Amino acid sequence: MSGPLPPRNVNIPITSSGGPFVKDPDFYTFPPGSTLPNHFTFWRFPHTENYVVSPAGHPNTLQLTPSNANLTGFPAFQPLSGQTFVGRRQTDTLFTFSIDLDFSPSKTEEEAGITAFQVQEANAELGVVNVNGTRSLRFRANGANAPATVVQAMPQAWVDGGVRLQVQAINFTHYAFSAGPKGGNGGMQQLGLVDNAMMSMSFSGKFARTFIAGILVSCRVVILLLWRSRALTSTL
Amino acid sequence: MEISCANKHALGTFAGIYATTNGNGEGGTPAYFSNWRYQGNGQAIDDGQYYPSNTGPTVPQPGDAGQPVGQPGKPGGGGGWWGGWHGW
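In the order they appear, the protein sequences are chains S and Y.
For the first sequence, our numbering begins at 1 and goes up steadily by one.
For the second sequence, our numbering begins at 1001 and goes up steadily by one.
You may find that some hints are simply not true.
[As the list claims (entries may be wrong)] Only some residues are given here: those of chain S computed to face chain Y with a beta carbon under 7 Å:
id : residue
1  : F95
2  : S106
3  : F117
4  : D160
5  : M188
Simulated from the structure, these hints should not be mistaken for lab results.
Since this is a predicted model, take the numbers as computed values, not measurements.
Note that the Cβ used here is the ideal one computed from N, Cα and C, for glycine as well.
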């Protein structure tokens, strides 16, 4: 085969209806009248009333209403109750995900923030949370060998002016969680670091064990069949 | 059990946002998020070697404000708004 390849054509129908290419970055400002892009993903069936783009009085924001359950859940958690979460897949080895947040939690333990989430048993968060009446930043991870929780009072300027939260895959092995003033005008301060092995848990081990067990069973069956066929031929 | 675990763990990681009362009931104070940015900073192709991530949408998206100022893709960048896509 020879000759030039056909020209690149990216105008496939899905892209005109709100579907980006898998390797594309995001920059969404949630203007009034817009909807969530197709590649945004929920965990559990979403209670759609908990996700509102540009509600009255808050243009260019995505309003999230808190769910009872946090991202880890609890033993009595009923999945249909829902968990207020919306995310997008990590599509790059290294990435930076950031968002600005205005949140005035009035009751203790009300929390909103940013997460690197795999499953309920493996996730890490940096959130704005009401800790016994004090507006705080809390970094918390749940999973194998999870790092210790970090809580610190939020600087007054961020309480007044809003906060930017960021999670970054900084290298082959770690996610870093940082906070700074809303809008990114000022330095980001790192509050937490998570080994990404926590997000793959025991996948390779379990998978290998299942796989090896399968081979062992297959071998036994083959040996058994050979033995039986030998036994049969010897009795004939 | 083993199989379901294997399936479950085939999920990748999500970057996202959340809101919760941590067990104090549904609802409560709403949270307002703005300026959602996700920018790839490199795709590992070998030990210590990274292929540049796209720095802009391949096709302009409804609601996507495009390349955020001051956040170039690193390392290398993908060539800007239209040149960001690299077929393999």
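Do the hints match the structure? See the list:
no.: 1; hint: F95; result: holds (5 Å)
no.: 2; hint: S106; result: holds (5 Å)
no.: 3; hint: F117; result: holds (5 Å)
no.: 4; hint: D160; result: violated (15 Å)
no.: 5; hint: M188; result: violated (12 Å)
Violated hints for the displayed structure, listed by number in ascending order: 4 and 5.
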